[in-house]
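**Q** For reference, each letter of the sequence shown is one residue, going 1 to 429 in full-length UniProt numbering.
Just so you know, these hints were derived from the structure itself, not from any lab. Some hints here could point you the wrong way.
Computed list of lysine-lysine pairs in PhoX-like fashion (alpha-carbon distance at most 25 Å, straight line) [to be verified]: (1) K294 x K323; (2) K125 x K204; (3) K211 x K232; (4) K160 x K204; (5) K287 x K137; (6) K229 x K245.
Pair by pair, the computed Cβ-Cβ distance ranges are [said to hold, decoys possible]: (7) K323 x L186: 37 to 43 Å; (8) K383 x K270: 54 to 60 Å; (9) E412 x E225: 57 to 63 Å.
Glycine included, C-beta positions come from ideal geometry on N, C-alpha and C.
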Amino acid sequence: TIGTGSMKMKRMSVGSDGERLFNNVSSWIAQQIRIIETAPWGDDTIAINNQIKKHNQFHDSIKRNDEVEQAKFQLSAAGDKYRLNLLEQEWDQLMKTSFRRLNQLRDLESILDAISSEIMWVNEKEEQELVFDWGDKNIDVYIPKKEESYSRLMSDLEAKEKEINKLNVKANALLSDNHPASDKLLAYLETLQTQWSWLLKITKCIHVHLKENSAYSQFFKEANETYAKLQKQHETIRTKFSCDKSTPLENLTELLQNLEKEKQRVLENKRQVQSLVIKSKSIVRLKPRNPEVKSTSPIIVKALCDFMQDQKGILQGDEAILKDNSQRSKWLVTGPGGLEMTIPSVCLIIPPPNPISVGLATKNEQYYEAILGIWNQLYINIKSLISWQYCLKDMNYINSLTLTMLSKMNPEEYRTLIKRLETHYQEFV
Numbered sequence: 001t002i003g004t005g006s007m008k009m010k011r012m013s014v015g016s017d018g019e020r021l022f023n024n025v026s027s028w029i030a031q032q033i034r035i036i037e038t039a040p041w042g043d044d045t046i047a048i049n050n051q052i053k054k055h056n057q058f059h060d061s062i063k064r065n066d067e068v069e070q071a072k073f074q075l076s077a078a079g080d081k082y083r084l085n086l087l088e089q090e091w092d093q094l095m096k097t098s099f100r101r102l103n104q105l106r107d108l109e110s111i112l113d114a115i116s117s118e119i120m121w122v123n124e125k126e127e128q129e130l131v132f133d134w135g136d137k138n139i140d141v142y143i144p145k146k147e148e149s150y151s152r153l154m155s156d157l158e159a160k161e162k163e164i165n166k167l168n169v170k171a172n173a174l175l176s177d178n179h180p181a182s183d184k185l186l187a188y189l190e191t192l193q194t195q196w197s198w199l200l201k202i203t204k205c206i207h208v209h210l211k212e213n214s215a216y217s218q219f220f221k222e223a224n225e226t227y228a229k230l231q232k233q234h235e236t237i238r239t240k241f242s243c244d245k246s247t248p249l250e251n252l253t254e255l256l257q258n259l260e261k262e263k264q265r266v267l268e269n270k271r272q273v274q275s276l277v278i279k280s281k282s283i284v285r286l287k288p289r290n291p292e293v294k295s296t297s298p299i300i301v302k303a304l305c306d307f308m309q310d311q312k313g314i315l316q317g318d319e320a321i322l323k324d325n326s327q328r329s330k331w332l333v334t335g336p337g338g339l340e341m342t343i344p345s346v347c348l349i350i351p352p353p354n355p356i357s358v359g360l361a362t363k364n365e366q367y368y369e370a371i372l373g374i375w376n377q378l379y380i381n382i383k384s385l386i387s388w389q390y391c392l393k394d395m396n397y398i399n400s401l402t403l404t405m406l407s408k409m410n411p412e413e414y415r416t417l418i419k420r421l422e423t424h425y426q427e428f429v
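Turn these sequences into a full structure, and let the hints guide you.
**A** Put into structure tokens, the structure is as follows:
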């Protein structure tokens with residue numbers, strides 16, 4: 001009988017025994033070919049590497065089988081060139097099949113190892129981005145660092161895309177050659193493509209977060225600086241332009257001139273204050289990203305990209321209600337149709353309006369209006385005091401007039417004096 005990798009047969013004489021020997025060896029070779037052609041293909045590089053080792057052992061056992069050489073010798077001795085030629089062709093076919101199996105195993109191991117490395121690289125980048133905290137904590141510090149790391153990531157992706165394209169060329173060559181494990185190769189390629197596409201989606205989300213969070217950081221920086229500037233201006237107006245009825249006329253006139261100059265500085269803040277009011281309405285909400293921040297009203301989130309999982313999904317632009325964000329990397333939300341699903345937090349943004357930014361902008365606007373009101377009141381007060389001083393001056397002048405001086409005053413001078421006094425008095429009241 002003939003077994004896998006070995007053959008036991010009785011010594012046969014030339015003639016009918018030679019024909020039987022040929023048939024046995026031929027059947028044995030056909031059996032080995034079937035074994036090779038129906039052998040399974042590993043699902044990963046470890047399994048494939050073990051198959052390579054086993055096939056090498058199998059191949060060596062075939063080559064060590066001396067019954068084939070014995071059959072060739074007997075056929076040659078009998079002068080049976082026809083069967084000898086057939087046997088040599090069958091043996092050659094067995095060797096080619098065995099070598100082909102070995103090469104295909106090695107090709108498969110190599111390509112799956114390369115694809116696995118790329119999948120691991122993509123997964124590593126994905127994990128780094130999924131756990132990043134896009135909240136407002138240390139935002140002024142992390143934004144420039146994140147912009148730098150994002151730039152590096154995009155450069156890495158550009159270089160990696162070229163490597164993956166080369167890998168696809170190699171994989172397609174194996175597929176074109178009808179590699180027996182094409183199904184496994186396609187599965188790996190599909191996994192890589194899925195993960196790659198997912199990472200690209202994440203980068204688009206990062207781009208939006210960087211843009212929105214930079215605007216958030218810049219807004220609050222400008223708003224706080226504006227408030228501090230308004231405070232300083234308020235203090236300046238309050239202290240620098242203090243006056244009363246005892247303030248000399250010359251000082252009041254100088255104060256009025258300086259107050260008019262100060263108004264230009266007050267009005268310079270108007271454009272900034274109004275700009276902040278407009279910007280405040282488009283600032284995203286970052287504080288609710290922190291699970292420690294509790295909200296009395298539902299938090300609406302918006303999807304930055306499509307995301308599908310377990311037959312459920314959300315599309316870019318869809319809104320959902322945040323149910324649980326206790327885990328930084330993934331949030332539980334109630335999506336369209338009332339379906340609950342867990343979505344990576346990097347895919348979600350908490351859209352405007354932001355009550356904090358709107359409140360701060362409104363506070364600045366009200367402060368600006370208050371300062372403008374203070375300025376207007378000061379202006380009126382100083383003008384009144386100046387008029388009061390002129391009234392006093394006029395009255396002092398009138399009191400200084402003697403009857404002789406009055407008798408010499410012509411009617412026009414008298415009317416001018418009285419009119420000036422009335423004018424100053426009216427300006428005062």
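**Q** Determine for every hint whether it applies to the structure shown.
**A** Structure-based check of each hint:
About 11 Å separates the Cα atoms of K294 and K323, which keeps this hinted pair within 25 Å; it holds. For the proposed pair K125 and K204, the alpha carbon gap of about 14 Å is at most 25 Å, so the pair holds. A threshold of 25 Å between alpha carbons decides the hint, and for K211 with K232 the separation of about 31 Å lies outside it, so the pair is violated. A threshold of 25 Å between alpha carbons decides the hint, and for K160 with K204 the separation of about 17 Å falls inside it, so the pair holds.
For the proposed pair K287 and K137, the alpha carbon gap of about 8 Å is at most 25 Å, so the pair holds. For the hint pairing K229 with K245, the CA-to-CA distance comes to about 30 Å; that exceeds 25 Å, so the pair is violated. Look at K323 against L186: about 38 Å separates their beta carbons, and that is inside 37 to 43 Å. At about 23 Å, the CB distance of K383 to K270 disagrees with the hint of 54 to 60 Å.
In this structure, E412 and E225 meet the distance hint of 57 to 63 Å, their C-beta atoms being roughly 59 Å apart.
In terms of the numbered hints stated before, the structure departs from hints 3, 6 and 8, listed from lowest to highest.
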